[in-house]
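Engineer: One-letter residues, chain by chain:
Number of protein chains: 4
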Amino acid sequence: MSHSRAYVYQLFDAQDGGRGLERVFDGVILGLVLLNGAAVVLGSVKSLSTAYRPFFVGLEIVSVYAFTIEYGLRVWSSVEDRRFRDPVRGRLRFMCTPMALIDLLAILPFYLSLAGVDLRILRLLRLFRLLKVARYVRALDVIGQVVRRKRPELLVTTGLIGLLLVLVSSLMYYVESAAQPDKFGSIPETMWWGVATLTTVGYGDVYPITVAGKVLSSVIAVLGLGLFALPTGILAAGFSEQLAQQHRSAETLPYCPHCGHKL
Amino acid sequence: MSHSRAYVYQLFDAQDGGRGLERVFDGVILGLVLLNGAAVVLGSVKSLSTAYRPFFVGLEIVSVYAFTIEYGLRVWSSVEDRRFRDPVRGRLRFMCTPMALIDLLAILPFYLSLAGVDLRILRLLRLFRLLKVARYVRALDVIGQVVRRKRPELLVTTGLIGLLLVLVSSLMYYVESAAQPDKFGSIPETMWWGVATLTTVGYGDVYPITVAGKVLSSVIAVLGLGLFALPTGILAAGFSEQLAQQHRSAETLPYCPHCGHKL
Amino acid sequence: MSHSRAYVYQLFDAQDGGRGLERVFDGVILGLVLLNGAAVVLGSVKSLSTAYRPFFVGLEIVSVYAFTIEYGLRVWSSVEDRRFRDPVRGRLRFMCTPMALIDLLAILPFYLSLAGVDLRILRLLRLFRLLKVARYVRALDVIGQVVRRKRPELLVTTGLIGLLLVLVSSLMYYVESAAQPDKFGSIPETMWWGVATLTTVGYGDVYPITVAGKVLSSVIAVLGLGLFALPTGILAAGFSEQLAQQHRSAETLPYCPHCGHKL
Amino acid sequence: MSHSRAYVYQLFDAQDGGRGLERVFDGVILGLVLLNGAAVVLGSVKSLSTAYRPFFVGLEIVSVYAFTIEYGLRVWSSVEDRRFRDPVRGRLRFMCTPMALIDLLAILPFYLSLAGVDLRILRLLRLFRLLKVARYVRALDVIGQVVRRKRPELLVTTGLIGLLLVLVSSLMYYVESAAQPDKFGSIPETMWWGVATLTTVGYGDVYPITVAGKVLSSVIAVLGLGLFALPTGILAAGFSEQLAQQHRSAETLPYCPHCGHKL
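Protein chains in written order, with numbering that gives the first Met the number 0: chain A, 0 to 262; chain B, 0 to 262; chain C, 0 to 262; chain D, 0 to 262.
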């Protein structure tokens, strides 16, 4: 039995594509995940959800069966991993890893609906199944690595953006609220204008109409954009650094050219 | 005859400008292509297309004659290329190259219209003639090279964008659909809002009106922009790298020209 | 007494987190500052400001007490700093430093309101309390350093933006004012369109409707965006340089650790 | 006389600030240019132009006098420059340099108005006076140098943008013109939508309403933004390179460290 458990563990954890069966297995689960995503998206269109009801219900049942079995096998075989050796406590700790929680969230809605919980929220929870993609598509790791590596920069700039947004919206509130009390009626309301302006989305539902408001808005837009673009720039730079590093790690010369020692 | 065929092949394939006749020839075809582009654009304005009907019809006939002859000569002389040596199979393989297909698409609409096919779609197909520009303007190769070189990065980021768009639109649908069932009535409909927001286009036809929707939209706009700007950043970086490399390949001098020491 | 003054000075000026009491002290003041920011923002919502009036008034009184004591202790202990040694003139010069002025502005509104000054403007002044954050959050220094370092570049590009905005708005005014005298009625009015277009915010309240205006606007948008994005790019580049430099200063190793040769 | 001519030439051409009188002279002209810019902008506001009519007229007369004398002295002293030595042909050639033409355009409107030419266009021409700023503010040279250095890149990307805009607008025209014949009535009209979308300005006056149009628009927005951002990125990169180079030119070590030869 420990032999078959090791085999199951291998099946789920094959780091680099693996042999025949592992690949087929990965492909089936990934396909099911994407199909579920499509079902949530298309199922929200009323005409489709009523016309193809049997298909949506069928997919739901098949998916829950498959994902439940997958989850069970993962928990059962997790003790093969050194970190989760203990049969009970090890498995419980495995169940608390982010990826295992996502796997649980992917099947929980169905069982909760049997228990009579409101359906609308459950349908939203089903979307978390899409996060299972992260397990099967390696390339998605890159973005996680970039965010982790650039965390201090991203935190500082996000903090700055928050501070700027509060200051800018407060100023605008004092300037514009008298002329447009329905749209600039309080600072939190004015922040909706602030976000639309500083991200340059500019829906056009809220904009200043007084001269003072327009002048202030212009100054804010020109000076503030730079700050709002900082996280974007940091993320883009981190992304290209990360990919450049992955390329280099295969090519570089990590030895001192003078003495030949590894550096 | 094989001599004149070689000459025709040279005429079409002169890599760097070539001598007198090649240049004139290239200029005439390029001019005709651009003129065709202008004709499609201006011909869509009803007042112009009726007023200058004879000119548009004349240009069409001249262009089709010229492009047909060009296409015929290209197919005939293609066997001069080592890759397409075989008189029949070689020529057929040449006809399946992307550039030859574009040349065929440039003349096909005219012959199909003689066969009675609907005109509207054919006029659209005539736009493909503009793609013939790629053959005559070398500089356009750069963008193709950049896309090919950065393909993995572009694929990953485009995938991420797709995933983000689905998740974000689904969340927004659950938050906003009750208040605005006509604009956020389903997840695919909500994706129109998602694209307008995350690209910062913000037409202003769709935007959240509930407090929860505005808060969610603000968070999404601030955090999501970074991800949507990634392909843009990658393309821009790849473009300047490509051009820098082309400059360097002619200029670099990694040795002191006086003593020969590596610098 | 000079001993306790030195201790108070230490309490306020601990450069790196410091020991127990300094940390608690910093945390309390920072918390009070953030609470004040939240109070200004939420206090602008009428329903909240009336429902929780006692809380807002209480926070105001506690904050003013605390900030007044803080300000007093800072002025008193400032003579411990070499730059402000003189008991009278030194303290006066300390009171003119930007940070001390912010501290004064943070408490002034309250005392002015006792003197009968109009409340609306005072409430706006209270926002300056948020600037006290800069004293307690080190990370915010980075942005100041970047702006100082890139000042010449930022000044040149801001000047260019101003010049471009005037030229572009003037052209647009001459082209569009006849068709839309209410929106493009003068060059300053047209500058509101200019800012909305060149920052790509595009609220949609002002846009050209004549053919000439649309063509001009298209050319301006395509060519002008590059110039408006320059300060953003400079700020982003400066920010990542600054952070890279801070990393490097701790890590770099420009010698082979094995043979001591420079690499 | 040739002595005083050389002195006048020096006065106008002092490369680095120069001594007392040159600086005063430069300051006066620059001040007059900026005052003229302000007058054109503010003079377009009807209430101001009628209220302060004498001031605007006075400034116009003083400026034309000053700029005419400046232009005359420049032409007279231009022969001091080696390139324009010949008293007649040299001066004529000097009058054809871009800067001399700007100086001429700055005074021409006034003399043409005396000759009875329509005023509206002349007022627009007066804006060209602002271009005289370029002569007196050195920092503005940077942008010119960047554009000249990056000309090939900027030309290629601008060409690509033009091609993309035509293709994208044509596709959209065929998809959307049936549903909104007033806004997508021809390809040139649709290009207004194309510019608003691809620059992300998104005024909101034109947007697709059919499902096919929205899908196409989404794909175009996501894929096309990268191309439209290329000139911006190139300009920003060129700008920071140019400034970095100016810094370095003072610091670098342009000698081979091995043999000491200049490189």
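Accuracy of the hints is not assured; some may be wrong.
Given that identical chains are not distinguished, each listed pair holds provided it fits within a single copy or across any two copies.
In silico EDC-like links for lysine to aspartate or glutamate, alpha-carbon gap of 20 Å or less [what the hints assert, rightly or not]:
(1) 45 / 59
(2) 182 / 204
(3) 45 / 188
(4) 182 / 25
(5) 182 / 21
Don't read these hints as lab results, they were simulated from the structure. Given the structure is predicted, the values throughout are model-derived calculations rather than measurements.
Engineer: Hints numbered earlier in the text: which of these fail when held up against the supplied structure?
Structural biologist: 4 and 5
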